[in-house]
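Please model the entire structure based on the sequences and the hints provided.
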Amino acid sequence: MLMSQCYYNAREPNMSVSLAVIEHNPQDASAPDAKSYWTESFRGFTGDESDEEKPGERKEKRGGVEREEKEKRVPPKRLDGIGEEAYWSGNRFGGALYVLAKDAIVRISVGGPDNEQTKIDKSKALALKALERLP
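Numbering (this note's numbering), first residue to last: 1 to 135.
Hints were generated in silico from the structure; no laboratory data involved.
Note that CB positions come from ideal geometry on N, CA and C, so glycine has one too.
Misleading hints may appear alongside valid ones.
Stated by the list, open to error - Using C-beta positions, here's what the derived DEER-type ranges look like:
1) S41 with Q117: 22 to 30 Å
2) S4 with K35: 30 to 38 Å
3) P135 with G81: 21 to 29 Å
4) S41 with Y7: 19 to 27 Å
5) Q5 with A125: 30 to 38 Å
6) T118 with Q5: 19 to 27 Å
To be verified - Straight-line Cα separation of at most 27 Å, DSS-like style, residue types lysine-lysine; simulated pairs:
7) K129 with K102
8) K102 with K77
9) K129 with K77
10) K102 with K122
11) K122 with K77
12) K102 with K35
13) K102 with K124
14) K77 with K124
Here it is, written out as structure tokens:
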């Protein structure tokens with residue numbers, strides 16, 4: 001995979017914006033395409049029930065005994081109306097929007113004191129502009 005990344009710095013660093021585009025590396029025949037990478041990254045959150053692990057859980061072996069334990073993270077939130085698929089992955093510090101479209105993955109992260117929904121809305125608006133420019 002190839003990643004191109006831009007960081008738009010603001011006077012106040014917490015107001016900055018990060019944009020990344022992840023694409024297949026044409027010089028590496030063994031590298032996954034964007035859709036395969038997406039499926040691997042978001043397995044368990046895409047509605048595919050064939051996975052053994054459930055969202056928000058992981059299985060560990062300790063002393064030969066397998067046990068399930070809840071992870072301390074929130075599963076990504078699926079968003080409609082942008083790209084082929086989109087997810088918002090947030091935490092208490094912020095979050096990022098991931099969009100699959102045109103054999104590429106676009107990642108947008110906006111800073112600032114806004115609430116999560118406002119950050120999602122801003123990220124979606126920026127992602128739509130970025131998607132227009134994909135080849």
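(request) Could you check the structure against the hints above and give me the numbers of any it violates, in ascending order? (result) Violated hints (numbers, rising): 2, 5; every other hint is consistent with the structure.
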